[in-house]
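Trainee: Please take these sequences and the hints and turn them into a complete structure.
Here the protein sequences line up with chains A and B, keeping their order. The opening position of the first sequence corresponds to residue 3 in the working numbering, with each subsequent residue numbered one higher. The opening position of the second sequence corresponds to residue 3 in the working numbering, with each subsequent residue numbered one higher.
Careful: at least some of the hints might be erroneous.
Identical chains blur together in the list; that is why a pair holds if it fits in one copy or across any two.
What the hints assert, rightly or not - EDC-like, lysine to aspartate or glutamate: derived pairs with alpha carbons at most 20 Å apart:
(1) Lys238 x Glu166
(2) Lys238 x Glu85
(3) Lys238 x Glu185
(4) Lys240 x Glu280
(5) Lys240 x Glu74
(6) Lys238 x Asp134
(7) Lys238 x Glu49
(8) Lys301 x Asp206
(9) Lys272 x Glu287
(10) Lys112 x Glu287
(11) Lys240 x Glu185
Derived from the structure by calculation, the hints contain no laboratory data. As the structure is a computational prediction, the values presented were derived from the model and not from experiment.
Protein chains: 2
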Amino acid sequence: MNPMPENAADRPPSPRRSGDGDNVAVDLTAVVVAVTGNQPCVLTVEEATALPSGPFEHRHRSLQAGLRRWVEQQTGHRLGYTEQLYTFADRDRIAGGRAISISYLGLTCKEEREGSRDPAWRSWYDYFPWEDHRAGTPSLLPGLLEPRLQAWAEEAEDTETRDERRLRAAITFGFDGRPWNEELVLQRYELLYEAMLVEEAMRDRAGGGPALAPGRAMIADHRRILATGIARLRTKIKYRPMVFELMPPAFTLLQLQLTVEALAGRLVHKQNFRRLIEQQELVEETGEMSTQTRGRPAKLFRFRQAVLMERTVAGTRLPLMRS
Amino acid sequence: MNPMPENAADRPPSPRRSGDGDNVAVDLTAVVVAVTGNQPCVLTVEEATALPSGPFEHRHRSLQAGLRRWVEQQTGHRLGYTEQLYTFADRDRIAGGRAISISYLGLTCKEEREGSRDPAWRSWYDYFPWEDHRAGTPSLLPGLLEPRLQAWAEEAEDTETRDERRLRAAITFGFDGRPWNEELVLQRYELLYEAMLVEEAMRDRAGGGPALAPGRAMIADHRRILATGIARLRTKIKYRPMVFELMPPAFTLLQLQLTVEALAGRLVHKQNFRRLIEQQELVEETGEMSTQTRGRPAKLFRFRQAVLMERTVAGTRLPLMRS
DNA sequence: TCCATTATGCTCATTATGAGTATAATCATG
DNA sequence: CATGATTATACTCATAATGAGCATAATGGA
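Mentor: Following this line, the structure appears as structure tokens:
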């Protein structure tokens, strides 16, 4: 066959572009997600302070290949589904060069091995406690973050900036009766960073004072990358059948629902959820029933692989003509 | 203030990650789009064979800053709205190193200066003639590409591969009565590449034979990057108010519609289109009327900037509970 | 004045959504 | 063994969003 080189285009030397640029170090960083029971977990290293990552090297056949290697080497986990997240660049911190980090999102189904609580997996709400709204609005939001952000807004020099800050905080965090938007994970983290409410902001600015928002910090910008990954996942599960990458081969609709809820950080309407899944024909019955603990047994379903071919994309938001 | 460094995270040297990686050359490439009348245009350089691009250098404050510089320098155009597209890496072509290219999508409103037909702007359908379905299915699809792809499928060794190829071609190009999906720009290009129907595939493989699909080729992987940009735009205009970046300050709904149609490569239902725009309150009347050539004068509208704050994101596809 | 042309208003059937209500199976247990 | 607690599934119903048209309103030019 002659497949296009995977993420690897040909770029023949051209006078304008090759060689005359400065070389930089390139890092590959992975946000690997799995859901256990009702916790959305992320694969970590170094005492849960970092995401698996490592430099992109010559020997790697491609970006993804390099990423896979590092993740496997550092965590022993094999990557399944992956997609590129974002490429970040930073100021000159590394002597004689710059660093760029290319981040990826990976999804896997972590089979729950009883007893062996792998410490490398951490609930992502350990890092973003304000993101879990499944049991209602977390008390730390009105109790801590809202007043802190309010204070930050007050600090502003002029009225305009102050109002702007207030509005931004209200919109991203859903204050003043505004609706909570679970997709704004990154914007919220960035706002807290600006307001110096996360440890990373202190560290980067060499400022003083304690971190005021709860939630574990991470090395470098890993927490930001994690936020980017969560945001992507929360956005994309709504129009692409991504959840199934996190599910075992057969599952009940409740399991599927719990997984979605774990990711979205909020509850969904049970009956309407199954209606949605069924009307979109995303799954098919396996014929088996689940042997579970309590309640009426549930049918087991499997993902209809055919969906991937049929509808590579979801739907339109434009009133297209047919013909 | 203390804004997060724009795309520039802090990455303190850590034993595992800094310095021990191989350095690589990083290129920045831009897909800059504007719509003139009813043509979606892309900014090109080097006789329309390349996208504006250049190496990422130390002096650049950030990726975007570097990109801006190159685009301005090579084309004289100032970038407005930009967003990152994708990061590609390639095999070792450049002596002693590898190259990575970080691509961006830029949107601008090119005011039509009568007479001065800037040759740097090219309709993107010059590169992807099979993507324009505004006047119905282009004849080159059933007339040329379908038989070619069919032939390519036949070439397959085993039946399985052959059926797979057929199905893939049918789905991405809408053969066998399947619906046309305008978002699959990249998949279509990649399929043509695999089937050796675009010039780039020949060049990269050092194979022989003429390019069989019409449409201009580009340097390196620029055409693929362009396809990525078009695909992103076609997908995203459906759920984000991106079109307005391409519009002048005031416009009629027909102009807006023509712009969308140019981008999507297909026609939309006029009445329903305005209903959609109005019900979503994306625009507001300026009070003026357009002084145009024919027909009843139309109201002029402007984009409601407030939308950007109100609804950072579109809507849900999950049956979320309120509370 | 009549027509081609574009703008706008409205209707109507069909689907999709948001919120519940009503049953149906299981299991643990008194 | 009947009773709850618990979870699965079926339906209902009002409202909103969509897909397709039909109808009417303004303009400029022939």
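Trainee: Starting from the hint list further up, note which numbers the structure goes against and sort them upward.
Mentor: Hints 1, 5, 7, 8 and 10 are the ones this structure does not satisfy, whereas the remaining hints hold.
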